[in-house]
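Chemist: All chains, please: the whole structure from these sequences, using the hints.
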Amino acid sequence: MFTLSALSNLSRPVSIIGGIIVFSYVAIISAPVFAEPTTPGPIVASPSADRQAIRAHYERRFPGIPVEAHKDGAYAIDKKAGEQWLELEDFPPYEIAVDEGEDLFNTPIGDGTYSDCFGDGAVKGQYPYFDEDRSEVVTLELAINDCRSKFGQPTLDYKGAEIVRLSAYIAFVSRDQIINVAEPSSQAALLAYNDGKRFYSSRRGQLNFACSSCHVQLAGNRLRAEKLSASVGHVTHFPVYRLKWQDVGSLHRRFARCNQQVGAEPFARQSPEYRNLEYFLTYISNGLPLNGPAIRK
Amino acid sequence: MNILPKLSIALILMSSLLLPACSEQGADRSSEVDKRSDTDKNSNKEPATLAENALAQAWDNYNASEQAGFAWVNAKVALNTATWALSEGDFETAIAEANQANSLAESSLAQAAAAQNDWRKHFPKAPAKASSAPNVPEAN
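Just so you know, the protein sequences line up as chains C and E, in that order.
Residue numbers for the first sequence follow our numbering, so the first one is 1 and each next one is one higher.
Residue numbers for the second sequence follow our numbering, so the first one is 298 and each next one is one higher.
Any given hint might turn out to be false.
Claimed, not checked - Partner residues are not named here, just some residues of chain C that face chain E (Cβ under 10 Å, in silico):
1. Ala45
2. Asp50
3. Tyr58
4. Ser201
5. Ser213
6. Phe267
Derived by calculation from the structure, the hints in this document are not laboratory data.
Here the structure is a predicted model, which is why all the values come from computation and not from measurement.
A virtual CB, placed ideally from N, CA and C, is assigned to each residue, including glycine.
Modeler: Take a look at the structure:
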């Protein structure tokens, strides 16, 4: 077990105004450090109470903006950027990825096809879910690779172009399905959910920000050129064509980017950490329609 | 006139002032000796060994922070620079970067420790009326 005796300087976010981040340094005095980093601790609130709490927070913070509108991310709260964004939708740059994804979807995989696993492909609303037998969160990307394994094909690289195109197609044909993640009920499902919630709420990186620092406490403020979006709605529209990436990218790629921008080492795509985070974020977005793929800056 | 008594008083006074000063000097000297023996110990070691030790220590803390899920990018960058400097034979840079990496890794471990309890503060609390809403199941 670790013990730290040194004083450590941790910065705390104070405000983000016009892209200037001010930090005050606080000293964290020696602490008997974690015995087991993943010990879940008592579950403080039920998932449905969490969902109500975070929705209520955004209702208070953005009066007049229905929570469902956050499916459009920052554009729900930034009218001007929203207008430009709507214009981009006239010739959506993700269309090519959707077409390529459709071709891939209809290409046989060994002795089978993706249809054998996913029917017509309109299945995004079924993911992620907690698989009790496997005792883990199954995301759409994981299910795509499971399907390939079933037919003896090598799994796809989660960072590669193929899987993100397949999921772009599946997202497209699943549009307007309503997110409806089952209430985590078993102890194992609750642990996975709570792990995601804890990840979301833990400060990380040298900048010492949690996801919630930016997307809850500071939601609606500007960080550089962008307004910070609400987390309810974060999962509705992935994969996303980002102008910065010049390509479609997955939700976990976005998680990694947000980790890195505060100076934290990111986790692997489809790592248990990011799958649990996705599970938590999707649960709190229950009731919102799927609207992927989408365009973002 | 006999000045002896006056002299002896002056001597006593002076010595009473000097004694503590001497004893402090003594203490100082002994710590200097300690320090010197430390430096001697270090200077007996090859700079390469010192750099390797500093790097190993930094890796230990970095790995612990990664294990906890709180590794920092800049700690890794400093570790990589230290490793590179060591391979180039630039021990001074290797030690400086390894120490920097180590202190960043220690800070990230303190952050991981703080997060153990603090994370709950960073999630919105249910408004009073929500907790009595009928569709909220019992908290487990």
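Chemist: Run every hint past the structure and note whether it holds.
Modeler: How the hints compare with the structure:
no., hint, in the structure
1, Ala45, "holds (6 Å)"
2, Asp50, "holds (7 Å)"
3, Tyr58, "holds (9 Å)"
4, Ser201, "holds (4 Å)"
5, Ser213, "holds (7 Å)"
6, Phe267, "holds (8 Å)"
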